[in-house]
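Next come the chains, spelled out residue by residue.
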Amino acid sequence: MKKMTGAQILWECLVREGVTTVFGYPGGTILPAYDALLDFPSIHHVLVRHEQGAAHMADGYARVSGKVGVAVATSGPGATNLVTGIATAMMDSVPTVFITGQVGSKLLGSDAFQEADITGITVPITKHNSLVTDVKDLARTLREAFCIARSGRPGPVLVDICKDVQQAKTDFEWPETVFLPGRKVLPPVKLEKLKAVAELIAEAERPLILAGHGVIESGASAALMALAERTGTPVTLTLLGLGGFPRSHPLCLGMMGMHGEAFANKAIQEADLLLAFGMRFDDRVTGNLKTYAPKSKKVHVEIDGSEVGKNVAVDVAIINDLRTVLEALLPLVSDKKHEAWLEEIGHGQGETRSRDIQHEPHEDRLLAPHVINDIWRATSGGAVVVSDVGQHQMFEAQYYPHEKPRTLLTSGGLGTMGFALPAAIGAKMARPDAEVWVIAGDGGFQMTQAELSTLMQEKLDIKIAVINNGFLGMVRQWQEFFYDKRYAATPILSPDFTMIAAAHGMDAHRVTKREEVIPTVQKVRGSGRPALIDFRVVAEESVYPMVPAGADLHEMIRRPKRRHPSEVPA
Amino acid sequence: MRHTLVARVQDQPGVLHRIISLFRRRAFNVDSLTVGGSEEPGISRMTIVVETDRVPAYLVEANLRKLVPVIEVRDVTHISTVSRDLALIRVKCGATERSEINDLISIFRGKIVDVAADSVIVEVTGDVKKVDGLVDLLRPRGVLEMVRTGKVAMVRGAEAPDDSEEELAVGWRH
Numbered sequence: 032m033k034k035m036t037g038a039q040i041l042w043e044c045l046v047r048e049g050v051t052t053v054f055g056y057p058g059g060t061i062l063p064a065y066d067a068l069l070d071f072p073s074i075h076h077v078l079v080r081h082e083q084g085a086a087h088m089a090d091g092y093a094r095v096s097g098k099v100g101v102a103v104a105t106s107g108p109g110a111t112n113l114v115t116g117i118a119t120a121m122m123d124s125v126p127t128v129f130i131t132g133q134v135g136s137k138l139l140g141s142d143a144f145q146e147a148d149i150t151g152i153t154v155p156i157t158k159h160n161s162l163v164t165d166v167k168d169l170a171r172t173l174r175e176a177f178c179i180a181r182s183g184r185p186g187p188v189l190v191d192i193c194k195d196v197q198q199a200k201t202d203f204e205w206p207e208t209v210f211l212p213g214r215k216v217l218p219p220v221k222l223e224k225l226k227a228v229a230e231l232i233a234e235a236e237r238p239l240i241l242a243g244h245g246v247i248e249s250g251a252s253a254a255l256m257a258l259a260e261r262t263g264t265p266v267t268l269t270l271l272g273l274g275g276f277p278r279s280h281p282l283c284l285g286m287m288g289m290h291g292e293a294f295a296n297k298a299i300q301e302a303d304l305l306l307a308f309g310m311r312f313d314d315r316v317t318g319n320l321k322t323y324a325p326k327s328k329k330v331h332v333e334i335d336g337s338e339v340g341k342n343v344a345v346d347v348a349i350i351n352d353l354r355t356v357l358e359a360l361l362p363l364v365s366d367k368k369h370e371a372w373l374e375e376i377g378h379g380q381g382e383t384r385s386r387d388i389q390h391e392p393h394e395d396r397l398l399a400p401h402v403i404n405d406i407w408r409a410t411s412g413g414a415v416v417v418s419d420v421g422q423h424q425m426f427e428a429q430y431y432p433h434e435k436p437r438t439l440l441t442s443g444g445l446g447t448m449g450f451a452l453p454a455a456i457g458a459k460m461a462r463p464d465a466e467v468w469v470i471a472g473d474g475g476f477q478m479t480q481a482e483l484s485t486l487m488q489e490k491l492d493i494k495i496a497v498i499n500n501g502f503l504g505m506v507r508q509w510q511e512f513f514y515d516k517r518y519a520a521t522p523i524l525s526p527d528f529t530m531i532a533a534a535h536g537m538d539a540h541r542v543t544k545r546e547e548v549i550p551t552v553q554k555v556r557g558s559g560r561p562a563l564i565d566f567r568v569v570a571e572e573s574v575y576p577m578v579p580a581g582a583d584l585h586e587m588i589r590r591p592k593r594r595h596p597s598e599v600p601a
Numbered sequence: 012m013r014h015t016l017v018a019r020v021q022d023q024p025g026v027l028h029r030i031i032s033l034f035r036r037r038a039f040n041v042d043s044l045t046v047g048g049s050e051e052p053g054i055s056r057m058t059i060v061v062e063t064d065r066v067p068a069y070l071v072e073a074n075l076r077k078l079v080p081v082i083e084v085r086d087v088t089h090i091s092t093v094s095r096d097l098a099l100i101r102v103k104c105g106a107t108e109r110s111e112i113n114d115l116i117s118i119f120r121g122k123i124v125d126v127a128a129d130s131v132i133v134e135v136t137g138d139v140k141k142v143d144g145l146v147d148l149l150r151p152r153g154v155l156e157m158v159r160t161g162k163v164a165m166v167r168g169a170e171a172p173d174d175s176e177e178e179l180a181v182g183w184r185h
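Just so you know, the sequences run in chain order A and B.
Under this note's numbering, the first residue of the first sequence is numbered 32, with each subsequent residue one higher.
Under this note's numbering, the first residue of the second sequence is numbered 12, with each subsequent residue one higher.
Looking at chain A on its own, in the form it has when it is part of the complex (with noise of 0.2 Å):
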């Protein structure tokens, strides 16, 4: 057997896992590992400028590829750098694992210089962490955290390894198969609750599936189409659900929730039937419970059963594989179609349009959902996008239709601002070939906008869209409805962003008029080169349809009518 010193082991046991591609940053207690990483050519490492990045990195890479993301810090303030990142890919269920140098096993509880309990801090955060202060133990605590960041419902691990584990030699052994005495082996779906469900299918007239990232996840899409179709029942998606189901397809109703299409949730209060797909009943989709889908009964096919009533009583719960089981219940249902249901939907369909900003007269002004309508014509829908979170992020939901899994890759559960364009960096790494683009507010971008060193370091072909309207727009929105237009501290004064990217090499372009909006991201996509545009529009502009935190779902605060719906073109 082949004696490797712990570092060695780390990188050998990161190639046998797949991994080719590391974000991180070097520092004392993970120096030897660095050292190491020199004779493994075969993994890239990719020098972030803060570790926060490294986190988001990992996460875009995993979120756009499906496999697992990792990133690499030292300990310490590299550790706590970690932290928001970690806890992103935790809320949203992302495949990472982070390694983390620790101080000397023998300084352990010292206080020793950069020494902070980052399994203690993670604790909550982590699907899993450990702490490796004994070499023997490496290959098994690297391998187990593989697979549990892949398994079951994914998330993030950490493993935490002391200066001197990754310095000490021991007999490398690969562990060939894996042994968590604890890890749930999922059973096999029950023919007795497929039929269940069957036959709740077959009786309800007003049935609607309810579609979240459980469906990217699981590889579900094809199935699911499959079932709506066949079943004639409509799809509503979660925001992380978005791209699970084609955005142009007929039965397909768009987003649900807090800024969600207004048909689509008064579709979910008005229907018999909800079918939640993996999803989770999160506050921002369900408004207040005590009045969420009283008509309905509900089934829940979700991996996590903690999921699983929850916020929301169901009266059949099937925990397993979401894939799994849509294509065991294929076979059981028999054509129908709903033509009632769907036509009360399109009623609300047209109401909408007779709202919708796109009919707003833009004058000299530039709106945002106009920005982010055109980046999605000029990209002919086919982009990689990278939101942040706020304003721009509800409009990317509404106004970039997606048609396919892992093209639309943001912060849903934590919304951390600053995901954006680190998270970019990490999808462009997994899909080089892929146009990736980050649409941002200028608020969060400044979070983490140092990652453009990283992005030019690398020479990534991304574009990036800041969505600019001196406000910290979302947090406006909600002082403007809820708050009496206080702006406390939302007004923000931000530097010249063409100026900034081109002291980083890019091209920069500003936009202040619509017209200009689709010439200058044509222009950019076809110089090969990285690029940002700074979008200058109105300031006071707020994302509707709103149902205000904790209000009903049908309840919403609704954009004013623009034309009459006999007007709008269908």
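Among the hints, erroneous ones may be present.
Said to hold, decoys possible - Simulated pairs of lysine to aspartate or glutamate, EDC-like, Cα-Cα distance not exceeding 20 Å:
id : chain 1 : residue 1 : chain 2 : residue 2
1  : A       : Lys328    : B       : Glu177
2  : A       : Lys226    : B       : Asp64
3  : A       : Lys544    : A       : Asp395
4  : B       : Lys77     : A       : Asp313
5  : A       : Lys226    : B       : Glu178
6  : A       : Lys221    : B       : Glu177
It should be emphasised that the hints constitute simulated quantities derived from the structure, not laboratory data.
All of these numbers come straight from a predicted model, not from anything done at the bench.
Start from chain A and add chain B according to the hints.
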């Protein structure tokens, strides 16, 4: 109401921290938690009594199951179990009262395990209610100090099959 959960967990560093962190973060209300060895080396056994007015016991169980070192969790509240709590109680007691106390605690199968000039330590084992009963009786005499282990429980006879998670998850009214 109170639910009693029995968990088998891998005996490894941090496992108790994970469980406590989960309970704190989800605002599950723990009444008592005991941890100790089991029949199998490397596996610890926990008995957890939780207040389930706010969250259904099923959710406590389901969240515990998600922790990697947790091997098995079972809600034994509605199953016939043997359950025990052990208490050591220091009671104020002069030389003349000792026999009286002894008579009283013998009804509860308790015993005096230490004697001092003005106090005794009483040991009692039984289900939680029985121990509560003795403590109530001793209080007027002056309970100077008390320690209780918290409940431990074991299912009687042959183990009944577990309810499936999917059945437990259905029908919770919020």
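* Asked: So which of those numbered hints doesn't the model satisfy?
  -> 2
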